[in-house]
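Student: Kindly produce the complete structure, drawing on both the sequences and the hints.
Here's the letter readout for the chains.
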Amino acid sequence: MTRMAATRDGYGQALLDIADDDRVVVLEADLGKSTKSLHFRKAYPERTVSCGISEQNMLLVGAGLASSGFIPFASTFAIFTERAFEQMRNGVARPNLAVHLCGSHGGTHTGTDGSSAQSIEDLAIYRTLPNVVVMHPCDDVSTRELTKQLPALGGPSYMRTARNKTPVLYDGRESEIQIGKGITLRDGTDVAIIACGVLVSESLAAADALAAEGISASVVDMHTIKPLDGALVDSQAATCGAIVTAEDHSIIGGLGGAVAEHLMSTTPVPLERVGVPDRFGESGQADEMLELMGINARHIVAAAKRAILRKD
Amino acid sequence: MSIDELEDMARRCRVEICRMTHRAQAGHPGGSLSEIDILSALYGRRLRVNPNEPNWTDRDRFILSKGHASPGMYALLAEMGFISHADLESYRVLGGVCQGHVDMKWCPGVDFSAGSLGMGLSFGMGCAIAARIEGSQRNAYVMLGDGELQEGSIWEAAMGAAHHELGNLKVFVDRNRIQNDDFCEVQMRMFDIPAKWSAFGWAVKEIDGHNMSEIVDAIEWMDTITDRPAVVVANTVKGKGVSFMENNPAFHGAAPSDEQLAQALSELGVTA
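Chains as they are written, first to last, in the working numbering: chain A, 1 to 312; chain B, 1 to 272.
Bear in mind the hints are in silico, worked out from the structure with no lab data behind them. Treat the hints loosely; a few may be bogus.
To be verified - Result set (SDA-like, lysine to any residue): computed pairs, CA atoms no more than 25 Å apart in a straight line:
| # | chain 1 | residue 1 | chain 2 | residue 2 |
| --- | --- | --- | --- | --- |
| 1 | B | LYS196 | A | SER50 |
| 2 | A | LYS181 | A | LEU271 |
| 3 | A | LYS42 | B | HIS163 |
Stated by the list, open to error - Computed Cβ-Cβ distance ranges for the label pairs, DEER-style:
| # | chain 1 | residue 1 | chain 2 | residue 2 | range |
| --- | --- | --- | --- | --- | --- |
| 4 | A | PRO151 | B | TRP56 | 44 to 52 Å |
| 5 | A | GLY154 | B | GLU89 | 30 to 38 Å |
| 6 | A | GLY52 | B | THR226 | 17 to 25 Å |
| 7 | B | GLU134 | A | GLY154 | 19 to 27 Å |
What the hints assert, rightly or not - Which stretches of chain B does chain A cover? Using the computed rule of at least three CB atoms under 8 Å from a CB of chain A, they are:
| # | stretch |
| --- | --- |
| 8 | 98 to 111 |
| 9 | 150 to 159 |
Glycine residues also receive a C-beta, built at the ideal position from the N, C-alpha and C atoms.
Tutor: Below you can see the structure in the form of structure tokens.
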């Protein structure tokens, strides 16, 4: 049976993994229990800074620490990081200070807290910032591995994690995970599904359903949205001739936007974007939200067929 | 440096502030002139920095949160030898070390990339926490504008620094009573500023920000506060030292003309 786990737990575990580096400090904005930085706080209280419910302050305290040689990991809900966007822009990205921001509870998958807590624009807005690496891993193993690679990055990053559990895909495959390199989970020839986060497992389910109908779909986990693994996008476009992107995020500006921008200047092939239509969410269970927003496996299957029909 | 020497350094900086903004035909002379006595005392008497090693790990940090008042800081950095006086000609010029707002990526001796108000105090808080974790004796000094206190994030940081008992965080408020569009009293009244800081848990002192002896005393007073952050609210005059700029909202962000420069330099004791 597939192991289920939340990506935010992978983040919390990774902070402990990298704690031997005494430059690592953790910043919290009263949501450490939720983002899972609490384990670090318990073990290393002297290197944990409570910023209270003050996200703007937290980002710049991180910048000050980074300018002094520390490697700050700041986390809160994805939606609340957006409150500090200009701090991230002017105080972190512009001077290229290696502050690592983690936004948990991203996407409509967050569920019953409702639309105020369901960030559907975080990937898009952070992707516009020079110097910032943007990630949205799909399971706890890859989240842990990507987080462990951040101290060596040397610049700022944003990572979205999810509140709810998703299938674990990478047990025993840790060595395949590398910032900036997409992972081909399944090879296909008719259509390529490029997904991130909680929709990676939905995309694998979609590929199974397509296979049952005689359609060969490849599935790529594009855990790093910026810098985008353009070479992998191009090779999938060349092999399959049609692409579907899938993300629990607005169809505007996220993974779908990044892939579209890339393809337009390299290998224009039919592209269907599965994502949250231009609307806000509401309260509901995670699976109910994916259905309501039209972004679960069933909708990915439909999008794949549309993309294939559009081929010359 | 003696009080007389500090005052003369501040006068020379005022000359450069007028020249820089005149040359660029842009920039912010008013807030540079109001802060410059404090900056002169801080650099001349207290700040542990090394122009030959601007990135020295254990230096005191100076964070100009009101980063538009960059001509004042650039003039001081030239006085201290971080940059040359010729570098001052690069103010607002493409590729110049003297960017419109002070920027740590461009100019040696600058510890913070400013330009967006309300950010420097949080950054200084991070620097102070870093020093504490390392067990370093270095301080973080932050210069805030008074209009800047209208930014809510200032008070997030004020609360945070007091909570963390950052005795190595030292703040000046340049209380010049004028902001971009008009007098603060018109734009957004701030009522009793020292009482606000005090209520947030800070050690507070109010001084005349153009009286060099009072400034030096206040800097020494800050050193005696080690169990909590300290703030000096310095009552200043925007445009101080140039008669037609003094207390004149028009010179928050306007450059002097050729004739105005000549008059300003004359008032500042520069003979043609």
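Student: Next step is simple, just say for each hint if it's right about the structure.
Tutor: Status of the hints after comparison with the structure:
1. B:LYS196 x A:SER50: holds (22 Å)
2. A:LYS181 x A:LEU271: Holds: A:LYS181 and A:LEU271 sit about 21 Å apart, inside 25 Å.
3. A:LYS42 x B:HIS163: Holds: A:LYS42 and B:HIS163 sit about 19 Å apart, inside 25 Å.
4. A:PRO151 x B:TRP56: 44 to 52 Å: violated (24 Å)
5. A:GLY154 x B:GLU89: 30 to 38 Å: With Cβ atoms ~33 Å apart, the hint holds.
6. A:GLY52 x B:THR226: 17 to 25 Å: At roughly 23 Å between Cβ atoms, B:THR226 and A:GLY52 fall inside 17 to 25 Å, so the hint holds.
7. B:GLU134 x A:GLY154: 19 to 27 Å: holds (20 Å)
8. 98 to 111: With 4 residues closer than 8 Å to chain A, the stretch 98 to 111 of chain B meets the three-residue bar; holds.
9. 150 to 159: With 5 residues in contact (Cβ-Cβ under 8 Å with chain A), the coverage given for the stretch 150 to 159 of chain B holds.
Of the hints listed earlier, the one the structure fails to meet is number 4.
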